[in-house]
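Using the sequences and the accompanying hints, generate a full structural model.
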Amino acid sequence: MKNSQLYKGSLNTIIMKLLEENGRMYGYEITQKVKGITAGELNITEGALYPALHKLEADGFLDVEVEKVDNRLRKYYKLTENGQKETVNRLAELEEFIRNMQNLVSPSPKTGLQF
Amino acid sequence: MKLTEIQIETIDASLKKMGIIYTDIRTEMTDHIASVLEESNGDFEQNLEDFINAHRKKLRRQNTKLVMLACVKSWKAMGLNILKIRFLATFVAIYCVTTGINMLMDRYSTVMLLFIIFCVANSSVSLPSVIGILKRKAQYSIGEGIGILNLFVIFPAIIALKFVWDFSSDELVLLYFTTLISISLTLGHTVRMFKAQIKMKYHD
Numbered sequence: 001m002k003n004s005q006l007y008k009g010s011l012n013t014i015i016m017k018l019l020e021e022n023g024r025m026y027g028y029e030i031t032q033k034v035k036g037i038t039a040g041e042l043n044i045t046e047g048a049l050y051p052a053l054h055k056l057e058a059d060g061f062l063d064v065e066v067e068k069v070d071n072r073l074r075k076y077y078k079l080t081e082n083g084q085k086e087t088v089n090r091l092a093e094l095e096e097f098i099r100n101m102q103n104l105v106s107p108s109p110k111t112g113l114q115f
Numbered sequence: 001m002k003l004t005e006i007q008i009e010t011i012d013a014s015l016k017k018m019g020i021i022y023t024d025i026r027t028e029m030t031d032h033i034a035s036v037l038e039e040s041n042g043d044f045e046q047n048l049e050d051f052i053n054a055h056r057k058k059l060r061r062q063n064t065k066l067v068m069l070a071c072v073k074s075w076k077a078m079g080l081n082i083l084k085i086r087f088l089a090t091f092v093a094i095y096c097v098t099t100g101i102n103m104l105m106d107r108y109s110t111v112m113l114l115f116i117i118f119c120v121a122n123s124s125v126s127l128p129s130v131i132g133i134l135k136r137k138a139q140y141s142i143g144e145g146i147g148i149l150n151l152f153v154i155f156p157a158i159i160a161l162k163f164v165w166d167f168s169s170d171e172l173v174l175l176y177f178t179t180l181i182s183i184s185l186t187l188g189h190t191v192r193m194f195k196a197q198i199k200m201k202y203h204d
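These protein sequences, in sequence, are chains A and B.
Quick note on numbering: my numbering labels position 69 of the first sequence as 69, and the sequence is numbered without any gaps.
Quick note on numbering: my numbering labels position 25 of the second sequence as 25, and the sequence is numbered without any gaps.
Derived from the structure by calculation, the hints contain no laboratory data.
Since the model is a prediction, treat every value here as computed from it, not as a measurement.
The beta carbon of each residue, even a glycine, is placed where N, CA and C say it ideally should be.
Please note that a few of the clues may not be correct.
What the hints assert, rightly or not - Here are some of the chain A residues that sit facing chain B, going by a computed Cβ distance under 7 Å: (1) P51; (2) V66; (3) K75.
Laid out in structure tokens, this is it:
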């Protein structure tokens, strides 16, 4: 990952967005999905992912299901009803943030401007 | 290549050896490491050793973070239970009983009886956690063990035994013990709540 600091604040929103799209996922699956979507640019470490998942669960945004898969127990996470509402809000916030950053970094020429 | 049950147990044992004692955290770490190792070629034992050596510090740091989060979650649940009507109802019921006792006995006898009631309530909550820890019984989460913190509530009760005679009125003494007993019972309720959640998660 080129600059992890830039992505840190958006980790929860990324997780919630993925769960919204995929229904339920487990930790390793999330890391691989993010890696795939960003062509290896964004690599979520387990040290950042699991505390984020546990925090979202404690806040009531995620539900956990434990299942036995391939000789071991696996924890699947899915959005709760509150989590689904929160995802919509956080995505709207993130989109607004991206728009503002875009305007700051490369402002588009104002349309009514005359020389 | 899918890992065998014995190989999964080896990963779990390695994590346990590193001090990752809570099953709720270890389950997830074991699955993560198993998923990583399933994608690598070569000798399993060597791959596991390499992974643990490369990630030892990170895994320990992650464990600490998750334990802290579980602690915060437990105390948040305890706080929310105190704000519930159930706590108020328990408080009122205990206060009525203690007032009744106080009408029948003098202050000294009332205080001693309330202290015994408090000790029974407190032990019923904290003893299972203490025994679990002493027997090194596998614990799913720190939420199961928070009952042990009830032991700390004993101190204000013992201190009260010393200063209770300075209280200006009997009502203050009754309120003091009612509060301590209610807190103990609420902590017990919180522990039971966590155990039920864990049972639902892992034993369904």
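| request: Identify whether the interface hint at P51 of chain A stands, where standing means a beta carbon of chain B within less than 7 Å of its own. | output: 5 Å, holds
| message | Hint K75 of chain A vs chain B: min CB-CB distance below 7 Å? | response | Hint holds; K75 of chain A Cβ to chain B Cβ min 5 Å, cut 7 Å.
| Is the shortest C-beta separation between V66 of chain A and chain B less than 7 Å? | Cβ of V66 of chain A sits 5 Å from chain B, so the hint holds.
When the structure is compared with the earlier hints, no violation turns up for any of them.
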